[in-house]
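**Student:** Residue strings, one per chain:
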Amino acid sequence: MDATARQAFEKTALPHLDSLFGVALRMTRNRASAEDLVQDTLVRAYRFWHRFEPGTSIRAWLFTILRNTFVNSYHRGNRRREQAEHLTHQARTLDEAGAAGLASAPPSPEQAVASKNIAEAVHSALEEVPEDFRLAVLLADIEGLSYKEIAAVMECPVGTVMSRLYRGRRHLKKILERQMPEPLQANDAPIHLDAYRKRGHA
Amino acid sequence: MSRTRPSTDPLIRRLQPYIDGELDAEAAAAVAEEIEDDPALKDMVEEQVSARQMLRDLPRETAPQALRARILLELDAVDREVELDEETARERGWSRLRSFLRGGLVLAPAAAAAAVLFAITRASLPQTPAEAPTIAAADQNVQEDMSLSALEPQVIGRPPSGAAAGVNLVSLGQLDDADAPMPEVIEYPLNPNGGRALELRQPSRGGALRGTLQRFRGRTYMLSKDRVGRTLVAYDDGRQLHVLMAKNPAKGSDLQELLELADRLRRAPPR
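From first to last, the protein sequence lines are chains A and B. For the first sequence, our numbering begins at 1 and goes up steadily by one. For the second sequence, our numbering begins at 203 and goes up steadily by one.
Just chain A, with the same shape it has in the complex (with noise of 0.2 Å):
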């Protein structure tokens, strides 16, 4: 490879370790499966850098690449591993949060105890909802992608996107619903469509 493509690699792609790995770490369940799928995933889109096609998302193809990756190689041996280190994950995953707020915008020890137990209920919901429905979910949700990008990256028709997102947010709201009633009413109450409605479709 020469010195200019990977120059174009580490500027275009490597911004995004962080994204791959945290839908990495959502689908893997564990921190070193997240780490060696987005090693496996980074090293592919470098093997195949000259695929990439600029002016394209480059979300999209990495994510692709990561979902492909982790379809073929790390979906059936890591079941066993998984539930061994879910528990470490989460409280990891916990503290990191916590530090990552009072950094920032220091809130309220009420406050913040409420956005941890929501935070980790979300992360535990979100296990349990199926693969599927949680990538799509995950990347609309969490990464932004658009329709047209999720499809491509799940290889599958617009709508079965729709589909699968409302499927995954519906399953993610029974789960934590399920799991703690009160304190979501409490602090998570819906949206009111009219305010929805003016913030977004003003």
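No lab work stands behind these hints, which were simulated from the structure alone.
Per label pair, the in silico range of CB-to-CB distance: (1) B:S297 / A:E155: 39 to 49 Å; (2) A:D132 / B:S297: 48 to 58 Å; (3) B:G440 / A:G144: 44 to 54 Å.
Just so you know, even glycine gets a beta-carbon here, dropped at the ideal spot from N, CA and C.
Using the hints provided, position chain B relative to the given structure of chain A.
**Tutor:** Same frame as chain A, but now just chain B:
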């Protein structure tokens, strides 16, 4: 109080793009009107928007710095692999050329005649001044004393973090991995004029080195510059990564001396 949910699929196709802002203003207004008149739809939308908001509020994950370093080393390894493949392909090309030339031996007398003619023509031209000694010429002058003690090594010790600032450790980019051991710095005499050289050593990580490939006395080195423009000579002996640089660089003269020092170090028996 629970309302009866309408059957989903056609609705999903209408509502989801509205929820996710994928509709134009006109279409969004039409869907909004429809939702306004239908409490069941309103519930559906609220549920979706609420779930989405919870996900958006989750703290973002950050990849560990060590992962970034690991990936860079892997990319180096890919580069090295590609270079080796190209080298192999070139060798195959030469092999094919040799086979071709073997078949063309019948042309040898003509080639010999051409060579004689060329030599005669060249001999009649005025002589050019002698070229500056090259690295290849220096290969003839291998020093005999290969013992490490003759090099008078002086271990400076492990510098505190930041002491190696300005030295680009080739494939590592920067020392950002807190778990990585700090490099050992060793000082050597570089030349008879009192010039000194520094060697940075740290355990090999198996990655490829970046820079310009240089062969010297049968061994391979990678040449590069650090952030302040000093010449660096690097090699990886499988156990350790070695980076050599002049302590007080002199313009243009360091490379040869650094390569000679590196060669002596590699020939010296291990400590």
